[in-house]
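Asks: With my numbering, letter number 458 in the first sequence gets 458, and the count goes up by one each step, no holes.
Honestly, the hints are just simulated from the structure, not real lab data.
The calculated DMTMM-like cross-link candidates involving lysine to aspartate or glutamate, where the alpha carbons are at most 25 Å apart (straight line), are:
1) K391 - E405
2) K280 - D241
3) K280 - E207
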Amino acid sequence: MWRTNPVRWARKNVGVHVILAPAPDGRVVLRPLDARGRRTGPDTTVARPELAREAQRIEAADRPRWVWRRAADWYPGFLAAGVRLERCHDLTLCGTALEGSAFAATTGYTSAFAARTEVADPAGTLPQLPPAEGQGFLFEDAPDHGPGADDLERELTAQLAAIAGSSQPGRLRLLCAADSAGALVAAEMQAAGIPWDAATHEALLAEQLGPRPRGLERPARLEEKANELRDLLGAPKLNPDSPQELMRALHRAGIEAHTTRAWELREFTHPAIQPLLEYKKLARLLAANGWAWLDAWVRDGRFRPEYVVAGVVTGRWASRGGGALQIPKQVRAAARALPGHKLVVADASQLEPRVLAALARDDAMAAAAEDSDLYARIAAAGFGGDRAKAKVALLGAIYGATTGESGRLLPQLAKLYPRAVGYVEQAARDGERGLTVTTHLGRSSPPPSERWHHLQRSTTAEEQRRADAVARDRGRFTRNFVVQGTAAEWAECWMAELRLRLRRLAARGFRGELVYFLHDEVMVHAEESVAEACADAIRDAAAAARRLLFGQAPVEFPVSIAVVDSYDQAK
DNA sequence: GTCCTGAGCGCG
DNA sequence: AAAGCGCGCTCAGGAC
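Please model the entire structure based on the sequences and the hints provided.
Replies: Below is the structure:
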């Protein structure tokens, strides 16, 4: 309370929350509310051309939490107008998380705007080209109809009540704040884009595939490989892109593969295998990240993917357009800092095992996590120093491996870390029984489908076998869910904290911009002189994320940071 | 012609 | 013969 400035509260229209909603006449309503969602003043209604400036004025005065149906609808318009906002409450993201959360199950809350009620891409037009710079006018994507301020106020009140009435209000409040901050980061990163040097990318393509073909024919080097393959397999008309044709040709050549997957082909000894693997690699590069990709996704030196916050069941982010979360190592050299700038690339080392140690409150594993190389410490503790074994055992425990080396090593791991292994085993058993499981901050797994229940009640032996297999599949899913989902929460908090620190640096004239996020990895594009300050911000943010999620739990989350000119130089 | 699915492979 | 999680994207090829 001592931080509250009484002068602030004396002013009119002051709100801790400000609802932003379309008015029936096409203008936009701004409604101030207090921390508990009660109105603190009259609505303001502004025309859209005035919205950015008015919001900026309120932002500067009050730093409210902006409450909107979806940040993704509104915030890009603000960014296009050069207005950045610090905090928000995304009713759709929060509604989805709260409605599913076991922590809030007894509150009876249901979301008015849950994501699954949305019509995703009704026109079916994806992938869309990203809008060109300066094209379109502000807020053209923002809704001009649908739920108004009253609806949003009702929904906000319901969500705040669900949080307050839940079994873990602190955690759910943080979950909502993290997803909402994530929505802001996502829009900001999309607006910024990854600095992408098309010339470097084209040089990489030319080097590996040959010059860009005029039409749709294969590039020269790829066609050469295809011909080599046709000769070696004695199949002059083979189209190696067709799995069926390829399979027949392989069989005729005496290669009895069951699939045409690279890992299986590697097991055969035949002169055609090596060229085939090379062909597949190059064909993949051409199809996924070739000239067409460059034309479609890189504009004005930036690759601007759309991020979908919590787009994965576990709460991980997904992306739309350009395969932003699958940029192959082959082309990462094209992600290149502008002159006088650096890319500060950071990744959280061994994030999931560390998350498991904290989740399960496993002191022994937490002790291993004091080391920057957790696998090495585990290897020393109980795998005769064999780091590879320790890693396979631990990842197998998190993913649910039952057979192979990983399965064999599990008992040994369980002896060393009974709490950690017990934690994921419990999640697996819950999943097998059809229960939901929940991450640290309260994101719950989806319940099993009706069909799943039906299958579990089956009577014949054959159906029983099938039901058991499906139950085990679900157990592996829920086992992984708690770890992957909590890791995603840590990462989202990491980004939210990093964003605040970068804003503070920017306020002092040191510009560093978050431009990329990949599950446990972030990239900041910064002026050279600011790079080290950004690296410090990244480390501080990681420590802050740990405190937010796990308080004083003695588990370290080290980040490894590379200050580089291009993405391929990191790790 | 359009729509959908599976195979395959990229990422963590 | 890929054991073991989560995705997005492209292509081929079948369904319509």
